[in-house]
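Generate coordinates for the entire structure from the input sequences, incorporating the hints supplied.
2 protein chains.
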Amino acid sequence: MLKHNVYFDGLVQSLGYERLGQRQTIGVISPGEFHFGTDAAERVTLVSGELFVRPPGEASWQLYPAGTTFEVAGKSGFDVKALGPVAYLCEYL
Amino acid sequence: MLKHNVYFDGLVQSLGYERLGQRQTIGVISPGEFHFGTDAAERVTLVSGELFVRPPGEASWQLYPAGTTFEVAGKSGFDVKALGPVAYLCEYL
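Taken in order, these protein sequences are the chains called U and Y. Start counting the first sequence at 0; every next residue gets the next number (numbering that gives the first Met the number 0). Start counting the second sequence at 0; every next residue gets the next number (numbering that gives the first Met the number 0).
It should be emphasised that the hints constitute simulated quantities derived from the structure, not laboratory data. Be a bit skeptical, because a hint or two may be false.
Stated by the list, open to error - Computed list of lysine-lysine pairs in DSS-like fashion (alpha-carbon distance at most 30 Å, straight line):
id: 1; chain 1: Y; residue 1: Lys74; chain 2: U; residue 2: Lys74
id: 2; chain 1: Y; residue 1: Lys2; chain 2: U; residue 2: Lys80
id: 3; chain 1: U; residue 1: Lys74; chain 2: U; residue 2: Lys2
id: 4; chain 1: U; residue 1: Lys74; chain 2: Y; residue 2: Lys80
id: 5; chain 1: U; residue 1: Lys80; chain 2: U; residue 2: Lys2
id: 6; chain 1: Y; residue 1: Lys2; chain 2: Y; residue 2: Lys74
id: 7; chain 1: Y; residue 1: Lys80; chain 2: Y; residue 2: Lys2
Here it is in structure tokens:
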């Protein structure tokens with residue numbers, strides 16, 4: 000079954016499902032700056048729009064355009080900044 | 000703002016938003032066969048999984064793997080068949 004997840008007063012929302020035993024979500028990030036904590040490690044692919052990402056413990060932002068992917072370790076966290084709405088795919092590793 | 004859309008008793012769900020004046024949704028199709036009507040023309044890109052699509056008026060199914068795109072005319076409709084959950088991006092043209 001699909002699961003609708005709502006974060007940050009609805010500014011970030013996702014739909015969760017399972018494929019081949021792997022949990023995945025697709026979601027949309029509204030314009031703004033947000034911090035995400037990770038439990039499992041994650042691989043995030045930008046589907047539409049582009050996202051600034053600040054990895055844990057780093058000071059500078061990196062830009063990830065549509066079509067690119069980044070990974071984040073588990074038991075960690077990262078900051079994102081979106082100037083327009085951004086659609087993404089998240090695979091839990 | 001993001002809009003959560005639910006179709007077919009929750010088997011198909013999407014999140015709608017607007018980018019650069021264009022309406023887009025990302026969504027997930029659960030395993031099954033579904034018919035979608037179109038109002039505006041649509042460009043659909045497969046993000047995860049693969050989808051069988053039967054264009055309006057055609058008898059045979061075509062397979063669209065992740066990373067591929069198809070377009071459907073407005074005021075029309077098309078059938079889809081998913082064997083596993085399928086994530087997609089839809090742009091309204």
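Here is what the structure says about each hint:
no.: 1; hint: Y:Lys74 x U:Lys74; verdict: violated (48 Å)
no.: 2; hint: Y:Lys2 x U:Lys80; verdict: holds (20 Å)
no.: 3; hint: U:Lys74 x U:Lys2; verdict: holds (22 Å)
no.: 4; hint: U:Lys74 x Y:Lys80; verdict: violated (37 Å)
no.: 5; hint: U:Lys80 x U:Lys2; verdict: holds (24 Å)
no.: 6; hint: Y:Lys2 x Y:Lys74; verdict: holds (22 Å)
no.: 7; hint: Y:Lys80 x Y:Lys2; verdict: holds (24 Å)
In this structure, the earlier hints numbered 1, 4 are contradicted, and the remaining ones agree with it.
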